[in-house]
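Following the hints, complete the assembly by docking chain B onto the known chain A.
So the sequence lines, in the order shown, correspond to chains A and B.
11 is the number of the first residue of the first sequence in our numbering; add one for each residue after it.
69 is the number of the first residue of the second sequence in our numbering; add one for each residue after it.
There could be a bad hint or two in this list.
Across the chosen pairs, the derived CB separations fall in these ranges [as the list claims (entries may be wrong)]: (1) GLU191/B to SER66/A: 47 to 57 Å; (2) LYS177/A to GLY244/B: 43 to 53 Å; (3) ILE447/A to SER125/B: 47 to 57 Å; (4) MET299/B to SER73/A: 46 to 56 Å; (5) ARG75/B to GLU247/A: 50 to 60 Å; (6) ILE270/A to GLU122/B: 31 to 41 Å; (7) LYS137/B to ILE447/A: 32 to 42 Å; (8) LYS177/A to GLY195/B: 25 to 35 Å; (9) GLY468/A to ARG75/B: 50 to 60 Å; (10) GLU122/B to SER73/A: 31 to 41 Å; (11) GLU151/B to GLY376/A: 36 to 46 Å; (12) LYS137/B to ILE270/A: 25 to 35 Å; (13) SER91/B to ARG484/A: 30 to 40 Å.
From the derived model, a few chain A residues whose C-beta atoms are all more than 10 Å from chain B [what the hints assert, rightly or not]: (14) SER73; (15) SER280; (16) VAL292; (17) VAL457; (18) LEU465.
With a Cα cut of at most 25 Å, we get these calculated SDA-like pairs of lysine to any residue [stated by the list, open to error]: (19) LYS96/B to ILE259/B; (20) LYS364/A to LYS176/B; (21) LYS170/B to GLY195/B; (22) LYS176/B to PRO258/A; (23) LYS199/B to ILE346/A; (24) LYS14/A to PHE120/A; (25) LYS260/A to ILE259/B; (26) LYS199/B to GLU247/A; (27) LYS180/B to HIS265/A.
Hints are computed from structural coordinates only; laboratory data are not their basis.
Here the structure is a predicted model, which means the values were calculated and not measured.
We put the CB at the ideal spot given by N, CA and C, even for glycine.
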Amino acid sequence: MMLKEEYRTHTTYSGKGRFLTFPFFVFFLSFSFAITLDKTLETMSLADLATFTHLSAFAYGLSVGTFGLMGRQYLERRYGTSNYLVAMPYLLPLSFRTTFLGIFLRDAIFYVLLLLVPATLGLLASAPIMGFSVVSIFLFLVAATLSFMLGMSLSFLASVLFIRSTKVFLAFTAVLLALFSAQAVFQYPGFETLLPSLGFQMHVRPFAVDAEAAMLGILVALLLTSAMTALSFYLVEVRVSISSQSYPQKLPEYHSRIPIFSGLTLSLISKEMVDLRRSGTVPKMFFSFVLPMLFLSLTVWFVNYGLAIPVGFNAVFYAAMVGFVGTLMYNWLNNIDLSEYYSFLPVTVPQLIKVRIRVFLLLTIGISAFFVVAISILNGETELLWLALVVMFVTSLYMVVVMAYLTGLKTNTFLFDTSVLAKFAVLSFLPDVCLTILSFSLLSDWVAASLGIALVLGSMLVATRIMYKGIEARWAKAAFAS
Amino acid sequence: MAIIDARDIVMDFGGMKALNNVSITVGKGDFFGFFGPNGAGKTTLIRILTGQLEPTSGSVEVLGVDVVKDPLGVKRLIGIVPEVESPPTYLTAYEYLFFVGKVRNLDKLDDKIEKWLNFFDLESKKGTICKDMSKGMRQKLMLASAFIHEPELLFLDEPFINLDPIYQRLMREYLGDYVSNGGTIFMASHILEIAERLCNRLAIVNLGRVVAQGHKKDLLEAGESLERLFMRTVGGDSRRRIS
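Pulled out of the complex, with its shape left as it was, chain A reads as follows:
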């Protein structure tokens, strides 16, 4: 039932056809990658590639497994006129543990079917051309699913701990960060220890076949996943907070204090600021940067030290990446609260989109700039800081306008629409590649690289202006209600 619910939720947003083309998109990507594997293996070993893939599956699991938080969100507020099965214990003789088990299994099956299975089928389709072993591909699916489940259960446990005790959550996160940092700096403990599913992968075909080590890997992975999941179910707590607290009237205060803006824009921005403050979204936004930035740092480290490719990753490269990752904040802004009440007021969807872009830019000054400044200082590249900040601001502005133009107020759901995702991928990939390559050339040919960066940023600003104007026409007839 919950699987049906999840499927219908997604198809409601982007339509059956468009949603169902998503696995085909993944299949096609995987197939394309597989038939060009020989080229990739010229610069990267198969073992490194497997490590990278498993870390990605693990990170993906981490991103979808925050059930402790999501469950509470589902229960605290309905999504428009929808109610979800997770809230059924209020009406039926069911326990919340049962429904949480339901959403855990639902998401495990749903995302494996949506991504890992089509990716594996893409590899299978390439097998007759590339001569891959079907058994190896099957073993890869098993191992990748385990990596994904490890990430999911770890994330579930962390979110449950966060709900129960901030101190325990921080301690738990610190231990995890310490382990992964130790791996990055001292190469100890090894990735195969941190991610036993990778250990399993490395001891089966097409790698060294060692049945005993493979069994150990798979058993530890299963045991860890089961233990973390069981502990999460044991600790999960439904704490729907209804409080009698009286809040100070912040909206009139913000309305009178926020400079520059006026009229309707000022009213909408003030309200967004109150929402941000009371919903506790700013720290969540901050931490949502940490995971992709850690992943990026890991990739950089992997390229520089793992593959021994001397690429000049610098503060300008990171600034562009911060700009790209920053679009997460726009997604957060669209998910703080429902916006149905706007239907009853003289406000249009494009007006609200444009206000959220402005709020996003205000947040960029704080959160994104913090990351760029911190990276510049840590890398000892403060002389590049001014350029890094310019790159970050322009990239952030461009990316948020691309995202807003393509997805409006329903960011995370429209990205499951294949046509939207493909457009988003093209529009973000091109400037991303240009800025990455130019940033690498900064140290060797500063003048040419700077001119190139200026040209790319200029083009991005022109594109931003065109799409910003296009928001009005594209979303004029959209409704606030779901």
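Frame of chain A, contents of chain B only:
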């Protein structure tokens, strides 16, 4: 003069006709009741008349404004109380009314907020955020937000739902006075006893079609109640009881 003039409205949701050639006329000073069984198309029509939804075909004028061409212009002039009470989660009662007042560019906003907080007995809850309010309190807040700019036309979708008997009576009195003072109301409701007392004109919709429309006194047969008229026109008597 027609305040609401909707002609031949069709609303097609992917092959399912929620409204089929619906025409409605509401005059100034009418207390217009709009009734129908569940799923008959009442909320859909309200959403079309208030510029929230564009009809598949047909024309709609509200207060002389073409709703399809200028939905924002209509929303500036009217007050809407939706079927589901949905004020913003993180604003306090005071802040929501302040927000609505600022969006509608109202003068003497503080006085207006105080007036409606007092009327709905929300004064002591003005610092409570909507997430922490009861359904009744949220409904009162939605009502206050629709009344605060004193519009000349109100669209009310089940306005009495979640209100206790005290506030149902207060609302009846307020709405009666509002119409006496020249206001116009378009109300959808299932509470026929209250509606019968308040409405002077009405329409009944069934399966997306208007099956009765006109003055209450013309539609009701001698001694007939609104409930009987409703049952007669939508075939409610043929529905079986649970044995």
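### Message
Hint by hint, where does the structure go against what was stated? Just the numbers, ascending.
### Response
Hints 2, 7, 15, 20 and 25 contradicted; others consistent.
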